[in-house]
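Put together the whole structure using the sequences plus the hints.
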Amino acid sequence: MERIKTALISVYEKKNVVNLARFLRDMGVEIISTGGTYKLLKEKGIDVINLSDYTGFPEILDGRVKTLHPKVFGGILALKENGAHMATLEEFGISKIDLVVVNLYPFERAYRMRRPEEELIELIDIGGVSLIRAAAKNYRECVVVTSPEQYDVLMEEMRERDGKVSLLTRMKFAREAFRLTSHYDRIIEGFFAGILGKKEEEKEFPGVLTLNFAKVMDLRYGENPHQRACLYREEGTGFSPILSAYQHHGKQLSFNNILDADAAFSLVLEFEEPCACIVKHHGPCGVGKADNILDAFRKAYLADPTSAFGGIIALNRTLTLEVANEITSSFLEVFIAPAYEEEALNTLKKKKNLRILEVPLDEYKREHFYDMRKIRGGLLVQDADWEEDDPSMWEVVSDREPTRREWEALKFAWKVVKWVKSNAIVLAIQDRTLGIGGGQPSRVDAVELAIKKAHSQGHYTGGTALASDGFFPFRDSIDLAAEAGVTAVIEPGGSIRDREVIDAANEHDIALVFTKKRHFRH
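Residue numbers for the sequence shown follow my numbering, so the first one is 1 and each next one is one higher.
These are computed hints drawn from the structure, not numbers from a lab. Do not rely on the hints blindly, as some may be mistaken.
[Unchecked claim] BS3-like, lysine-lysine: derived pairs with alpha carbons at most 27 Å apart:
no., residue 1, residue 2
1, K299, K452
2, K15, K215
3, K5, K42
4, K280, K352
5, K411, K452
6, K251, K352
7, K15, K137
8, K349, K299
9, K299, K411
10, K164, K137
11, K71, K42
12, K215, K251
13, K299, K352
14, K80, K172
15, K96, K14
16, K71, K39
17, K137, K14
18, K137, K215
19, K411, K280
20, K421, K411
21, K299, K351
22, K349, K280
23, K39, K96
24, K96, K71
25, K80, K5
26, K44, K14
27, K42, K14
28, K5, K39
29, K215, K172
30, K5, K137
31, K411, K517
32, K172, K15
33, K14, K71
34, K172, K96
35, K5, K15
36, K5, K164
37, K14, K172
38, K164, K71
39, K96, K42
No experiment lies behind these values; they were computed from the predicted model shown.
Next comes the structure, spelled out in structure tokens:
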């Protein structure tokens, strides 16, 4: 590797660039620079050549075209061992460029801040990306540096190697360069996808699905202590409860905490009324709603206090001091809410191991997103089951119509059951769950489990409503529900034995509603 003799520096993020430039000049490196970077370096007394003076061509189109010139890219891409290349450089007065230091316009930051479309368009970097790709392509002869965090590595090597940079470091920098441009383009693609999504619904999945995730943090371990784990953020996506959360108190969230907190908060977002949900092992064990958040919490907790031990609780309203005082007598691992009263927060912080998360809801809106499941060697992708159900599409198929109270209970139970692992059954009244049976291979087993859970907590199940995420294949579930006193049932319908199930409901004077929509959850 030869010594670095000429560098091109053009950066938006100017952190530590002055120190780097001074170092390069001390090493005898000639520096070419543009716009704001040139101005800064000159103000700091650093000898630097203006790119326009070097190319003989000014910046044009309000700065949209600065570095896109053959004297720049020829100097980056030319191969020293290629005689024709070097002859071309000499013919046109092109300097061989050995180092490119570039970072990009902050499109991603502005995109996250939801800046106007016109502003975002102007922040799509063209010249910077082109410079980075050109230098990375010719990494053996041109070092590409794309982050201030790389400056120290570069300077240390140049000190130790008399102005040279090793091939290994060049390759590492090139890999980071292509990783950066790939990430940058993915964010921009997500921006355009968002615009198109607002204007026309995508009717087909893309032929090539490109995903971009940025590492947020390492986790202590995965689902089990012997599994390594870390958390990534998907770039270009919208609202994320956990990744948008601020942690007020407690040790780092575990892998399982994150899964459960996401599930709990997603469920309470289903409700406009004050709602509380307690989750264990990615499934709800108690859900309650009320006119105030204290009563909602009490209903959720008392639905199944045994299972609530060590659980994750989510609220969709500000956590009040009254709620905090009740929590202090319970063992819960994580609390997640959109806001906290100051006294409530101070009270909760007395519990050493309680993790307290605040999720701002001002950015939340119900929007389409993909649900993805990793399989060995592949990825399953589907539309997330996130659309609001339309009760006007439901059909009462029994002889008896549900009463007003039964309708309220059915709607409540139906919102909850979609968040329970299939086969899923929710036993509820108008404002709280009484028993939840999930993850059963047989639907009748799920019914039996939900009833058993309700009775184990001393709940009276007469006059309750029952929701099923899938159709009933036989009448046995209806018969079992009737024995427990259930008077109204909601399910998708669609079984070849629907008539048999409807007849059973009529025999037991149960109001039966078909939603014509399934909510399996695996």
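A quick look at each hint next to the structure:
| no. | hint | result |
| --- | --- | --- |
| 1 | K299 x K452 | 18 Å, holds |
| 2 | K15 x K215 | 22 Å, holds |
| 3 | K5 x K42 | 19 Å, holds |
| 4 | K280 x K352 | 20 Å, holds |
| 5 | K411 x K452 | 22 Å, holds |
| 6 | K251 x K352 | 9 Å, holds |
| 7 | K15 x K137 | 26 Å, holds |
| 8 | K349 x K299 | 24 Å, holds |
| 9 | K299 x K411 | 17 Å, holds |
| 10 | K164 x K137 | 18 Å, holds |
| 11 | K71 x K42 | 22 Å, holds |
| 12 | K215 x K251 | 19 Å, holds |
| 13 | K299 x K352 | 25 Å, holds |
| 14 | K80 x K172 | 22 Å, holds |
| 15 | K96 x K14 | 24 Å, holds |
| 16 | K71 x K39 | 21 Å, holds |
| 17 | K137 x K14 | 24 Å, holds |
| 18 | K137 x K215 | 25 Å, holds |
| 19 | K411 x K280 | 23 Å, holds |
| 20 | K421 x K411 | 18 Å, holds |
| 21 | K299 x K351 | 22 Å, holds |
| 22 | K349 x K280 | 22 Å, holds |
| 23 | K39 x K96 | 23 Å, holds |
| 24 | K96 x K71 | 9 Å, holds |
| 25 | K80 x K5 | 13 Å, holds |
| 26 | K44 x K14 | 13 Å, holds |
| 27 | K42 x K14 | 14 Å, holds |
| 28 | K5 x K39 | 22 Å, holds |
| 29 | K215 x K172 | 18 Å, holds |
| 30 | K5 x K137 | 19 Å, holds |
| 31 | K411 x K517 | 14 Å, holds |
| 32 | K172 x K15 | 21 Å, holds |
| 33 | K14 x K71 | 24 Å, holds |
| 34 | K172 x K96 | 22 Å, holds |
| 35 | K5 x K15 | 23 Å, holds |
| 36 | K5 x K164 | 10 Å, holds |
| 37 | K14 x K172 | 22 Å, holds |
| 38 | K164 x K71 | 23 Å, holds |
| 39 | K96 x K42 | 23 Å, holds |
Hint violations for this structure: none, all hints satisfied.
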